[in-house]
Amino acid sequence: MRYLYYPGCSSEATGKAYDISTRAMMEKLGVELVELDDWNCCGATSYFNVRELDSFAIAARNLAIAQKQGDEDLCVICNACYTTLAKTNRYIEESPEVHEAVNGALGAVDRSYDGKKAVRHIMDVLVNDIGIEALGEKVTRRLTGIKVAPYYGCQYSRPMGAFDDPEFPTTMDTFFTALGADVITDYAGKSKCCGGMMMLTKEEGALRLCHELLEGAHKAGADVIVCACPLCEMNLEGYQPRVNKAFGTDYDIPVMYFTQLAGLAFGASPKALALDKQIVSCDRVVAAIPA
Amino acid sequence: MSGEEEAKMPEDKIAVYFCHCGSNIAGKVDVDKVVAWAAEQPNVTVAREYKYMCSDPGQDLIKDDIQKLGVNRVVVAACSPTMHEPTFRKAASDAGLNPYLLQMANVREHCSWVTEDRDEATEKAMRILNAQIHRLPFNEALDPIEVPVNPAVMVVGGGIAGIEAALKLSATGKKVYLVEKKPSIGGHMAMFDKTFPTLDCAACILTPKMSAAGKDPNIEMLAYSEVEEVEGYVGNFKVKVRKKARFVNTDTCTGCGACIEACVVRKVPSEFDQGLGKRSAVYIPFPQAVPLRATIDAANCLTLKGKKCKQPCVTACGPGAIDFEQQDEVLDLEVGAIIMATGFELWEPDQDPRYGYGKLDNVISSLEFERISNASGPTGGHIVCKNGEAPKSVAILHCIGSRDQNHQEFCSRVCCMYSLKFSHLIKEHLPDTEVYELYIDMRCYGKGYEEFYRRLMDEGVHMVRGRAAEVTDLAMSPEEEGRLIVKTEDTLLGIVRRIPADMVILSSGLSPAKDAKEVSQTFGFGCSGNGFFLERHPKLEPVSTVTDGIFIAGCCQYPKDIPDTVAQAGAAAACALALVDNPTVKVEPTVSYIDPEKCCGCHICVSVCPHTAIQFNEEKKVAEVITAACKGCGVCVAACGSNVPQQAGYLDNQIFAEIEGAMAL
Amino acid sequence: MTELATTAQAKELHRQFCEDVMSMPGGEKINICQQCGTCTGSCPTSYLMDWGPREVIAAFRAGMIDRVVKGNTIWLCTSCYSCTVRCPAGIKITDLMYELKRMAIKYDLAPKDGKSPAMTKYFVDSVHKHGRNHEVELMAKFMLTKDWGLPFKFMGTGLKLFTAGRLPLFAKNIRGREELDKISAYLEAQEAKTQ
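Chains as they are written, first to last, in the numbering used here: chain A, 3 to 293; chain B, 15 to 679; chain C, 24 to 218.
For the record, the hints were derived by calculation from the structure and aren't laboratory data.
It is possible that some hints are incorrect.
Restricting the straight-line Cα-Cα distance to at most 20 Å, the calculated cross-link-like pairs of lysine to aspartate or glutamate (EDC-like) are [to be verified]: (1) C:LYS195 <-> A:ASP40; (2) B:LYS501 <-> A:ASP188; (3) C:LYS176 <-> A:GLU206.
Ranges of calculated distance between the beta carbons of each label pair, as one might list FRET restraints [said to hold, decoys possible]: (4) C:ASN196 <-> A:ASP116: 27 to 35 Å; (5) A:ASP252 <-> C:GLY113: 37 to 45 Å; (6) C:GLY113 <-> B:HIS617: 43 to 51 Å; (7) A:ASP116 <-> C:GLY49: 41 to 49 Å; (8) B:TYR664 <-> C:GLY49: 41 to 49 Å; (9) A:GLU34 <-> C:ASN196: 21 to 29 Å; (10) C:ASN196 <-> A:GLU96: 50 to 58 Å; (11) B:THR212 <-> C:ARG84: 33 to 41 Å; (12) B:LEU554 <-> C:ALA215: 54 to 62 Å.
Small disclaimer: the values here were computed from a predicted structure and weren't measured.
Glycine residues also receive a C-beta, built at the ideal position from the N, C-alpha and C atoms.
Looking at chain A on its own, in the form it has when it is part of the complex (with noise of 0.2 Å):
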């Protein structure tokens, strides 16, 4: 099997574990991954707020690299890359305008783009191309007795539910499960909003958000949340001490990329998954899973 791969900015920066996990866990279940050649930033939540039809057009400058690189489809870690890039084909299909106009933009880059490049979410690939079955079966190392909270976030199955519920998503769930783990199907706030970049813009809301998330997952005695987007990943992690701070908690909860948790079922080594560039220490949870 083998997927166009696009990584997103911050797996240059603060999401940097993402990224090598995913390459860790994906070269475990024999899945090649081709990076996105000279791809750009997606826009995100941050370009829609300054032009709709120019953020259309970045996004789908990397549809186009993607349609002339290869005819895989296109497969996506962040959550919010994944909407922006999905968002984007669903417009161009939508409106011929949009199409019209992104076209124009990419042609004065001799570029175009036809709308029919397919984005998935890396969930996705995993739970609905490779499939729970194959999935078991490359397990070295059943997560059993790891209590599993998977958080979706927002922008996992928002707006679209291309492949999950956009109220109550269960696909991690079911892949979680597939590998062993005992997992919270459901704690309040799976798929609540985390606050995103509101963190640095105004810190208090995010805060509160995150208090919220953790405070679900705290009562539901999760071992650890594992997150399928860089920024709820930071807000998470990076921010549980400000949260304890902030609301008189003493949450130690550690946080994951869920590529870093399943690479370790599928036999990776915690050095391979970048466990060791986590803020909360996740050591405990390695060491709680059945060898």
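Once you've looked at the hints, dock chains B and C against the given chain A.
Frame of chain A; chains B and C shown alone:
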């Protein structure tokens, strides 16, 4: 057009009437020009115009010309034939002219209402009119076909609508078959505790009617039965009804309940109690059931599942009514009219996961609350949470799954009122409990409804205008621990509130039955876009369907409250009576005829007829039209490769003449 | 145009908003808002907003969109899409918020001390400069201009991130970074033509 066809009657005297229809037609079409032109056309004796042809003076014009001028063909250029063709045909008939020698030219819906340019509209009107002028010489006199009518009526569905319709019909002496798929009649109303706005006890007002229906000599009660097949046509329906085996002899069973006491399988979730209570494998759904007979549920009875059982029910039964060998019985019934009263299903709130139904304890549906508040329900009428304690705060959430393009777009009419009713019941049982109504609009449109709303406000119910965003059990403060939190914007205050509740009632809307589409197809009528049975006209014919002889009443047509249901049931009964109280019914003669000399027996028309009105005569090896069942749709005429079926009133030469006339200008 | 849009600015904003929203696929659904409040109730940050999402639509209908554009509401939207997914009228509320942000920037009406508009600007600048968003550069600029306290709040975490290699100081430029400028220039020119 084949050259050999000539005008049928050399002396055609066509009268043309051009209606202004106020300014609907005259505002766009140059009437004078058209009428002047029409007067010049071959075979036209007289061409007139009038402001409103459908009025009495307008009709008199037609009658006078027939009687005084000897006019023998008429075309009325006006609105659509669906509006006034019967009007004008009757006028012609009153004046002694066969009604099928009158045609309408639709110059309104097909012309003046849909054309922008005056000149274009005028030309089009002339073409449409010319088509009929060319056709009329080929029209033939036709006489309506009379078919005998079976005076019996079948009512499908034994809820309040079905029961009411059956009783009304029986009172006129007609025989009624009342078919109900559950073991007892009573429908949803039997589950309720009280009804709004009078707070009448539902059972108290329903059971006398149920009892009356059960004892009525004209009503043949077919409970635990379902319709499998319907054939036939107005006045002559043949219905196959399957009487499902109860495994209890209904002639000898007295409904004493001894078998129920004795049964060893005791933990089957009770459907009537919405799964909150338990029943035995042999059961009577509720104490006031009609017919009061036991039923054995084959899916849970040990004996019927092939397992070992001491059969204490058999031992306990005095009259020896248990019969494990009982088979389903299929009845072939003949009736003249059918009334569909199959009711609704509640919209299941687990379809919207953000309210926690099915995941959080004490988030319940409206029917579940009806059973909890009902004295004969699983909690003996005590309003309690799952842990047996009374709730200190209850939130009632309106519009669950309704008015929502993600679920059901329509409003179910009754939910605001039943929600208010719940508030009252809670306040009555638990005066110190806080009750919150979370609504978008408070729809209290009926008689006594607004007053009921005022009463509830007076009783101290908190009215919060805001559609609940979600229900959670995650407490963010000590006061919230152990409670359900309803998050909503109080739109009148403009703030987001977290309302703590011990019980949350989800007031979801009414849905059409899951098999509504199939059922409508079995009977031969259709459903509307929202899935309910389709009425013939939303304002003027709410209880008829497009199929003559089949009527609808109650929530199967659209959600409604009990007063409207009862009224509609009476209306359907009256319509059915109007049909079956006559020995015959007239059927339109524009039916298909297959010449046995020409038919080669290929079966194509038999298979394409949407009304199953063509049968194959095995002896003669030809297809034959069941005249009374034929609706004159013309599909067989088009499908036949040898051009054999001829539809009266739509013969080839008539249609070709119309085409010629339209193109002749 | 409603009679309550009195000032020239209010009228202009109302006109622009109408034009842009009605040209979005599904944008006309703003007309069928029931004012049910599901959006505000679902929004994770509405409690901080001057006007919640429901009120934004009500304000638009009353001709008062200018007040929304000048307020803090739109900058508190995190694009979580909860409102959009739950709206019973199918209104794409998140897209409306984006549209209002764009108008605030275009007409220079965003709160002057606002952090979010500044963050947006730096983000776009970074993307055009390097082709990708350089997080450290973004944070540094932001701290220097908008939040002197941030380094202190962030100290412990920041140090750990740095030592873990999650805060690279230097950015990689993509080969085609000038293409982004060309794309923007083209679209600006197109927009100018239609004005």
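Verification of the hints:
1. A hinted pair counts as satisfied when its Cα atoms are at most 20 Å apart, and LYS195 (chain C) with ASP40 (chain A) qualifies at roughly 11 Å.
2. Distance hint between LYS501 (chain B) and ASP188 (chain A) is fulfilled; the C-alpha atoms sit about 18 Å from each other, no more than 20 Å.
3. Simply put, LYS176 (chain C) and GLU206 (chain A) have alpha-carbon atoms about 12 Å apart, close enough for the 20 Å limit, and the pair holds.
4. Between ASN196 (chain C) and ASP116 (chain A), the C-beta spacing of about 28 Å keeps the proposed range 27 to 35 Å intact.
5. Take ASP252 (chain A) and GLY113 (chain C): their Cβ atoms lie about 43 Å apart, and the range 37 to 45 Å holds.
6. GLY113 (chain C) and HIS617 (chain B) have their C-beta atoms about 48 Å apart, which keeps the hinted 43 to 51 Å range intact.
7. For the hinted restraint 41 to 49 Å between ASP116 (chain A) and GLY49 (chain C), the CB-CB distance of approximately 23 Å leaves it violated.
8. At roughly 45 Å, the beta-carbon separation of TYR664 (chain B) and GLY49 (chain C) lies within the given 41 to 49 Å, and the hint holds.
9. At about 27 Å, the CB distance of GLU34 (chain A) to ASN196 (chain C) agrees with the hint of 21 to 29 Å.
10. Between ASN196 (chain C) and GLU96 (chain A) the Cβ separation comes to about 34 Å, which falls outside the hinted range of 50 to 58 Å.
11. Take THR212 (chain B) and ARG84 (chain C): their Cβ atoms lie about 40 Å apart, and the range 33 to 41 Å holds.
12. In this structure, LEU554 (chain B) and ALA215 (chain C) meet the distance hint of 54 to 62 Å, their C-beta atoms being roughly 58 Å apart.
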